[in-house]
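Asks: Chain by chain, the residues:
2 protein chains.
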Amino acid sequence: MYIPEQFNINNAQSIHQFIRSNPFATVVSNIDGKIVATHMPIDRFQDGHYYGHFALNNPQSRIQENEETLVIFTGPHAYISPSMYASDFNVPTWNYSAVHCYGNIRFIDNETKIWNLFHELVYRYEGEAGWQLPNEEKFKDLTGFIRFFAFEIKRIEAKFKFNQNKPDEDIESVIEGLRGIGNHEAADFMERITTHRGPIKKPLEDF
Amino acid sequence: MYIPEQFNINNAQSIHQFIRSNPFATVVSNIDGKIVATHMPIDRFQDGHYYGHFALNNPQSRIQENEETLVIFTGPHAYISPSMYASDFNVPTWNYSAVHCYGNIRFIDNETKIWNLFHELVYRYEGEAGWQLPNEEKFKDLTGFIRFFAFEIKRIEAKFKFNQNKPDEDIESVIEGLRGIGNHEAADFMERITTHRGPIKKPLEDF
Numbered sequence: 090m091y092i093p094e095q096f097n098i099n100n101a102q103s104i105h106q107f108i109r110s111n112p113f114a115t116v117v118s119n120i121d122g123k124i125v126a127t128h129m130p131i132d133r134f135q136d137g138h139y140y141g142h143f144a145l146n147n148p149q150s151r152i153q154e155n156e157e158t159l160v161i162f163t164g165p166h167a168y169i170s171p172s173m174y175a176s177d178f179n180v181p182t183w184n185y186s187a188v189h190c191y192g193n194i195r196f197i198d199n200e201t202k203i204w205n206l207f208h209e210l211v212y213r214y215e216g217e218a219g220w221q222l223p224n225e226e227k228f229k230d231l232t233g234f235i236r237f238f239a240f241e242i243k244r245i246e247a248k249f250k251f252n253q254n255k256p257d258e259d260i261e262s263v264i265e266g267l268r269g270i271g272n273h274e275a276a277d278f279m280e281r282i283t284t285h286r287g288p289i290k291k292p293l294e295d296f
Numbered sequence: 090m091y092i093p094e095q096f097n098i099n100n101a102q103s104i105h106q107f108i109r110s111n112p113f114a115t116v117v118s119n120i121d122g123k124i125v126a127t128h129m130p131i132d133r134f135q136d137g138h139y140y141g142h143f144a145l146n147n148p149q150s151r152i153q154e155n156e157e158t159l160v161i162f163t164g165p166h167a168y169i170s171p172s173m174y175a176s177d178f179n180v181p182t183w184n185y186s187a188v189h190c191y192g193n194i195r196f197i198d199n200e201t202k203i204w205n206l207f208h209e210l211v212y213r214y215e216g217e218a219g220w221q222l223p224n225e226e227k228f229k230d231l232t233g234f235i236r237f238f239a240f241e242i243k244r245i246e247a248k249f250k251f252n253q254n255k256p257d258e259d260i261e262s263v264i265e266g267l268r269g270i271g272n273h274e275a276a277d278f279m280e281r282i283t284t285h286r287g288p289i290k291k292p293l294e295d296f
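Protein chains in written order, with the working numbering: chain A, 90 to 296; chain B, 90 to 296.
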């Protein structure tokens, strides 16, 4: 991904938090030289590793483990009108956030491991009070229709492009503009990642 | 993309409308066998063709035109808890919508054509009352920093996966569940694409 220096993110904590907030990823591989992609949640588990799962009927569930795979996470984004800036002479742009993780898929065939991953995944999305995975055969059978894998990340490219190359007055007016069009997700995100530019409102670690 | 029959969309009008509503795409290419991706709006212009533009400094702006490129559009999505279903015995899933367009990039070098595309793009996002692109040299110079291209689509895979394989009572309870967690975007989308299952509330063409 092309990342001008001012939009480059290399803080591991920020990247982990971003993925945690935006786990629904696009998993891109080459099969016989052709690009294929599947959409699925990829989560960082308690052991610090990333895991996902394919439907077993998905041909991408049979890719070669030595083929490099790209997992793309995307977050808040918005069209930015030149009218949102305080200063003159601006052109339309798109503000966005994306993390590209390059690495390899390692399929998991151990049934106990799969069942444990399934449990942790359910707990992550359901929490203490939510739906619980019953310890029944019919649920265990379901794991036969999916193929879990660990995603071994080799390289990360992270880009948060939210006008960090603009003066403070523009940053503030764009945040206000985003609130004006009701895109609070992008406004909140932009506010957090640009706080280092001015008085600290929220620490970066909070993001 | 792996698409079970019940989630497959092959209605051109639905696909065009989906892209119009979700133009911020991921453009994926191979460069020397390595997968690269850039995020940008890709729009269908009045002439019926799709256009986008790279930053000229982006290495992907120099890809081979004969290399197949995948343009991914994504739309509403949501984690679906088993507790959202009316019926028993359901497992967690993710509902989502994605359109994958395979084709080739054709770079555009004609300055008049680029200027016209730039104008139409601005008008599309700004409308009649919004910011207007001044007919000034300093704005024309900006086109030197980007590289416009037409995207010639050869093949489309479209998947709207929103529980169409479930009984009506589940469809209704999931829509209600999505509203309950405040994801009205996914609820509205699901309501529209599943109307053919029951009494027509909104025609599909409206989507």
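Don't read these hints as lab results, they were simulated from the structure.
It is possible that part of the hints are untrue.
With a Cα cut of at most 30 Å, we get these calculated BS3-like pairs of lysine-lysine [what the hints assert, rightly or not]:
(1) K123(B) x K243(B)
(2) K248(B) x K248(A)
(3) K123(B) x K248(A)
(4) K227(B) x K255(A)
(5) K229(A) x K255(B)
(6) K202(B) x K255(B)
(7) K227(B) x K248(B)
(8) K255(B) x K123(B)
(9) K255(A) x K243(B)
(10) K227(A) x K123(B)
(11) K248(A) x K255(B)
(12) K243(A) x K202(A)
(13) K229(A) x K202(A)
(14) K227(B) x K248(A)
(15) K229(B) x K248(B)
(16) K123(A) x K227(A)
(17) K229(B) x K123(A)
(18) K227(A) x K255(B)
(19) K123(A) x K248(A)
(20) K202(A) x K227(A)
(21) K123(A) x K248(B)
(22) K229(A) x K243(B)
(23) K243(B) x K123(A)
(24) K227(B) x K243(A)
Asks: Decide, hint by hint, whether the structure agrees.
Replies: Hints, one by one, checked against the model:
1. Our distance criterion of 30 Å between C-alpha atoms is met by K123(B) and K243(B), whose separation comes to about 22 Å.
2. Distance hint between K248(B) and K248(A) is fulfilled; the C-alpha atoms sit about 28 Å from each other, no more than 30 Å.
3. The straight-line distance between the Cα atoms of K123(B) and K248(A) is roughly 19 Å, inside the 30 Å bound, and the hint therefore holds.
4. Distance check on the hinted pair: K227(B) and K255(A) sit about 18 Å apart at the alpha-carbon level, within 30 Å; holds.
5. Pair hint K229(A) plus K255(B) holds up; C-alpha atoms about 21 Å apart against a cutoff of 30 Å.
6. Note on K202(B) and K255(B): the hinted pairing is violated, with a Cα-Cα distance of about 49 Å set against a maximum of 30 Å.
7. Under the criterion of a C-alpha separation no larger than 30 Å, the hint pairing K227(B) with K248(B) is inconsistent with the structure, at around 43 Å.
8. With a C-alpha separation of about 39 Å, the suggested pair K255(B) and K123(B) falls outside the 30 Å cut-off, and the hint is violated.
9. A hinted pair counts as satisfied when its Cα atoms are at most 30 Å apart, and K255(A) with K243(B) does not qualify at roughly 39 Å.
10. Taking the CA atoms of K227(A) and K123(B), the gap is near 41 Å; set against the 30 Å cutoff, the hint is violated.
11. The straight-line distance between the Cα atoms of K248(A) and K255(B) is roughly 39 Å, outside the 30 Å bound, and the hint therefore fails.
12. Using a Cα cut-off of 30 Å, the hinted pair K243(A) and K202(A) holds, with the two alpha carbons roughly 23 Å apart.
13. Of the pairs offered as hints, the one joining K229(A) and K202(A) holds, with about 12 Å between alpha carbons and a cut-off of 30 Å not exceeded.
14. Only pairs whose Cα atoms come within 30 Å are accepted, and K227(B) paired with K248(A) is accepted, the gap being roughly 28 Å.
15. Note on K229(B) and K248(B): the hinted pairing is violated, with a Cα-Cα distance of about 39 Å set against a maximum of 30 Å.
16. Annotation: proposed proximity of K123(A) to K227(A) is violated, straight-line Cα distance about 36 Å (limit 30 Å).
17. The suggested pairing of K229(B) with K123(A) is violated, with an alpha-carbon distance near 37 Å, which exceeds 30 Å.
18. This hinted pair checks out: K227(A) and K255(B) have alpha carbons roughly 18 Å apart, not beyond 30 Å.
19. Distance restraint check for K123(A) and K248(A): the Cα-Cα separation of roughly 26 Å lies within the 30 Å cut-off, and the hinted pair is therefore satisfied.
20. For the given pair, K202(A) sits about 18 Å from K227(A) by alpha-carbon distance, which is consistent with the 30 Å threshold.
21. Taking the CA atoms of K123(A) and K248(B), the gap is near 19 Å; set against the 30 Å cutoff, the hint holds.
22. Taking the CA atoms of K229(A) and K243(B), the gap is near 41 Å; set against the 30 Å cutoff, the hint is violated.
23. For the given pair, K243(B) sits about 14 Å from K123(A) by alpha-carbon distance, which is consistent with the 30 Å threshold.
24. Using a Cα cut-off of 30 Å, the hinted pair K227(B) and K243(A) is violated, with the two alpha carbons roughly 42 Å apart.
In this structure, the hints that do not hold are numbers 6, 7, 8, 9, 10, 11, 15, 16, 17, 22, 24, in rising order.
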